[in-house]
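Please work from the sequences and hints to get the whole structure.
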Amino acid sequence: MQIFGKISNKMRLLEALYLNSRVKMSRLSEDFHLSRQSISTMRKNLWEKNIIASPAIILNQRMLHMENYIMEIKTNPTEPEVLSKLKKIPEVTSVDGIIGTYALIVKFEVRSKQRFAEILSELDKQIAQSSFQSYRIIETIEIFKIGGFQFGSDDSVISINEKKWGILDLLKKNYNLKLWPERKDDEFFSAEEKKKMNKINLSRELDGLLKERIIKGFSISFHHLSGSKYIFEDFQMKFYMRIKPQNIGSYNELARKLVYEPNVIDLYRTGEDFGLFAVIRAKNLFEFQKFIYHLYTDFKIKDTFTTVVIDEHFPAIFPPTLNIAKTIYENMS
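With this note's numbering, the residue at position 103 of the sequence shown is 163, and numbering never jumps.
Calculated directly from the structure, the hints in this document are not laboratory data.
All figures in this text were calculated on a predicted structure; none of them were measured in a lab.
It is possible that some hints are incorrect.
[Unchecked claim] Ranges between beta-carbon positions, derived for each pair:
1. 80 x 172: 25 to 33 Å
2. 83 x 346: 34 to 42 Å
3. 331 x 252: 38 to 46 Å
4. 68 x 217: 38 to 46 Å
5. 316 x 199: 17 to 25 Å
6. 346 x 268: 42 to 50 Å
7. 136 x 217: 39 to 47 Å
8. 263 x 92: 18 to 26 Å
9. 105 x 363: 41 to 49 Å
10. 109 x 197: 35 to 43 Å
11. 214 x 346: 34 to 42 Å
12. 177 x 138: 23 to 31 Å
Glycine included, C-beta positions come from ideal geometry on N, C-alpha and C.
See below:
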């Protein structure tokens, strides 16, 4: 964390924006005992150093009944076309290079099974041109945690019309543009999208969706490039873990306990033999081994299967420090 000096204001700012990127500058100025200009300069510096990727909206996916899919793809570095195709799909939220039988693991967040079928049809054409022509899909059944934010089981599913979906998609892409002058709208929006934005009151729409709990909160995504990994000292390494409990009747009980673990960033229930699927972050392999020992010692777990991530191609939402992750779950428990 040398880039920031000792426990720096910049790291504190990352923590604050991760928890609520819509927080007012006046509030940050008061909390940090610094001028608004100083706060703004710090944030701009974090942007320019490619640490902050973008402000982000956390949707209440349980309420919206969104579908999440995990895809593992066999490919090799001499076939970049598959990766290029994935990067152009709006519903793709992460693409990671991994060690093992498969080379890429991809996460999709889609509105419906039908939409995923359409995406898959397009991907099939691209993957058919690769040498391996192989992939496998894991369908999630329930969402417990995404980006370090927990989803409650008491949220009832709602139905929203196409117009509201359109506004929601636009808001998610546009969020806080005026409050984040580092973002240039020409880089993000088409002429048609700009025209649509001029016709709606963005702030009022955000407030309304937040009140309806369709929006769970406001955060930021981080670049996790190889040159800046040491900035996120506590979470330098990323893993995918499949988990099987000792008793298959205790999946929900186990999941409700695991969401309080600060190293567990994402957590899903799937229909696989190892029925819990998690994204884990740790400082290094030693800390990951300690986490594994903790799981087997303190939870009724029968077996786990872990995949190591070697390359992250998309920005990600996760707690910038272990301290802030622990604080969240201490307040929840």
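Hints versus structure:
| no. | hint | result |
| --- | --- | --- |
| 1 | 80 x 172: 25 to 33 Å | holds, 30 Å |
| 2 | 83 x 346: 34 to 42 Å | holds, 35 Å |
| 3 | 331 x 252: 38 to 46 Å | holds, 39 Å |
| 4 | 68 x 217: 38 to 46 Å | holds, 43 Å |
| 5 | 316 x 199: 17 to 25 Å | holds, 21 Å |
| 6 | 346 x 268: 42 to 50 Å | holds, 47 Å |
| 7 | 136 x 217: 39 to 47 Å | holds, 41 Å |
| 8 | 263 x 92: 18 to 26 Å | holds, 24 Å |
| 9 | 105 x 363: 41 to 49 Å | holds, 45 Å |
| 10 | 109 x 197: 35 to 43 Å | holds, 37 Å |
| 11 | 214 x 346: 34 to 42 Å | holds, 38 Å |
| 12 | 177 x 138: 23 to 31 Å | holds, 29 Å |
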